[in-house]
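Asks: Listed below, chain by chain, are the residues.
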Amino acid sequence: MNCHDVDRALIELAGSPAAAFPSQAQDHVRSCRRCQELVGALTLPMDEGATLPASLDRIERRMVADLRPVRPMTHWSGFFAVFAVVFGSFVAFGVYRMGAFALAIMSPLQAWAILSALAISSGLMAYSLANQMVPGSRHRVPPQLLPGGILILLTVAIVILFQFQHERDFWARNWGCIRAGAPIAALAAVPFYLLLRRGAALYPVITGGATGLLAGLVGTSVLEIHCPNLDAGHALVSHLGVSILSALAGLGIGLIAEIIERRPFGRFPKTRAE
Amino acid sequence: VHEIAMDVLPEPPAQFERRGPIPAFGELVAELPDSQREVLTLLKVGGLSLEEVARATSSTVGAVKQMAHRGYQRLRDLLELRRENGPNGGAQ
Numbered sequence: 001m002n003c004h005d006v007d008r009a010l011i012e013l014a015g016s017p018a019a020a021f022p023s024q025a026q027d028h029v030r031s032c033r034r035c036q037e038l039v040g041a042l043t044l045p046m047d048e049g050a051t052l053p054a055s056l057d058r059i060e061r062r063m064v065a066d067l068r069p070v071r072p073m074t075h076w077s078g079f080f081a082v083f084a085v086v087f088g089s090f091v092a093f094g095v096y097r098m099g100a101f102a103l104a105i106m107s108p109l110q111a112w113a114i115l116s117a118l119a120i121s122s123g124l125m126a127y128s129l130a131n132q133m134v135p136g137s138r139h140r141v142p143p144q145l146l147p148g149g150i151l152i153l154l155t156v157a158i159v160i161l162f163q164f165q166h167e168r169d170f171w172a173r174n175w176g177c178i179r180a181g182a183p184i185a186a187l188a189a190v191p192f193y194l195l196l197r198r199g200a201a202l203y204p205v206i207t208g209g210a211t212g213l214l215a216g217l218v219g220t221s222v223l224e225i226h227c228p229n230l231d232a233g234h235a236l237v238s239h240l241g242v243s244i245l246s247a248l249a250g251l252g253i254g255l256i257a258e259i260i261e262r263r264p265f266g267r268f269p270k271t272r273a274e
Numbered sequence: 275v276h277e278i279a280m281d282v283l284p285e286p287p288a289q290f291e292r293r294g295p296i297p298a299f300g301e302l303v304a305e306l307p308d309s310q311r312e313v314l315t316l317l318k319v320g321g322l323s324l325e326e327v328a329r330a331t332s333s334t335v336g337a338v339k340q341m342a343h344r345g346y347q348r349l350r351d352l353l354e355l356r357r358e359n360g361p362n363g364g365a366q
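Chains as they are written, first to last, in our numbering: chain A, 1 to 274; chain B, 275 to 366.
I should point out that these hints are in silico values taken from the structure, not numbers from a laboratory. No residue lacks a Cβ here, since even glycine has one placed at the ideal position from N, Cα and C. Please note that a few of the clues may not be correct.
What the hints assert, rightly or not - The following label-pair restraints were derived from C-beta to C-beta distances:
(1) A:SER31 to B:GLU358: 18 to 28 angstroms
(2) A:GLY148 to B:GLY321: 46 to 56 angstroms
(3) B:ALA337 to A:LEU194: 36 to 46 angstroms
(4) A:VAL190 to B:ASP308: 43 to 53 angstroms
(5) A:ASP27 to B:GLU301: 25 to 35 angstroms
(6) B:GLU301 to A:LEU56: 17 to 27 angstroms
(7) B:ASN359 to A:VAL70: 51 to 61 angstroms
(8) B:GLU301 to A:TYR203: 52 to 62 angstroms
(9) B:ASP308 to A:SER89: 53 to 63 angstroms
I would like the entire structure built from these sequences, with the hints used as guidance.
Replies: In structure tokens:
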């Protein structure tokens with residue numbers, strides 16, 4: 001045991017007051033004049049009024065120097081409006097490029113009902129996402145349950161509005177619609193992602209899945225307006241399938257983002273490495 | 275911490291007796307470099323843990339320990355100087 005070990009014991013003792021001063025260190029202090037003087041100095045009366053404020057002032061100055069002005073977070077309604085505009089723009093663009101053949105074939109009731117169901121679903125998803133971006137927002141519908149609920153709602157709407165027909169080349173036709181709808185969904189996901197970065201979503205998996213579903217609903221909406229195939233099976237597998245695939249992709253990306261953030265060297269390390 | 279340390283201190287032998295009055299802790303650490311003074315003050319006066327001092331000083335626990343160790347070494351040197359030169363001769 002030497003003076004260095006006494007220092008170490010004193011430091012550990014200061015860091016965790018419950019720890020005991022090692023007996024070897026005590027023995028060394030009894031025999032070492034320099035350590036006796038040091039330990040004696042550490043027991044001297046403390047002039048808190050003179051020493052602590054100076055240190056606190058220095059820490060405060062350093063913290064203030066590190067602070068950067070931040071822009072107040074937008075109200076959730078602002079995010080909702082942007083989601084709605086982006087959603088509408090991409091649907092309009094997709095329909096403009098591909099044509100609105102389904103609207104000419106569907107009955108007014110079918111067209112009104114399916115488009116209303118899609119509008120309500122997309123609105124709820126955009127509302128949920130906007131609230132997820134603003135921490136502390138009140139969620140009227142639990143965000144982890146909403147995507148499932150919306151997929152069930154759309155499935156029921158399609159089953160009620162359209163009839164199951166036996167058609168040839170079922171999978172080939174489905175594949176054609178998925179190939180047409182998936183790129184639109186992927187394209188819409190880009191501005192949605194950029195918008196998400198403006199907020200502070202705390203749960204990447206839930207937010208990723210919701211964003212994927214909203215982007216997928218863009219593809220589903222375009223296909224419902226464009227595709228003249230009114231078979232319920234086709235609408236479920238290929239039109240709604242685009243939303244399901246997109247939601248799964250978003251879920252996967254969110255999961256990866258969460259794993260990266262939880263790693264010790266991620267963006268938000270849990271503890272500072274010693 | 276220091277109650278334990280006080281128990282450790284034996285009655286000072288005749289040859290260890292200090293020549294002048296013992297300076298206050300603040301007076302002693304005032305002679306240390308800023309970083310060492312800050313760490314020792316926060317540990318002793320502020321009663322912060324090593325982790326808290328590390329956070330407060332935007333540092334790491336390892337760096338705080340090193341700073342405290344250097345501070346203690348410097349305090350030993352200062353106290354030795356005071357003992358040899360008298361209370362007014364040790365200050366640099």
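Asks: Which earlier hints turn out false for this structure, listed by number in ascending order?
Replies: The structure conflicts with no hint, since it agrees with every one listed earlier.
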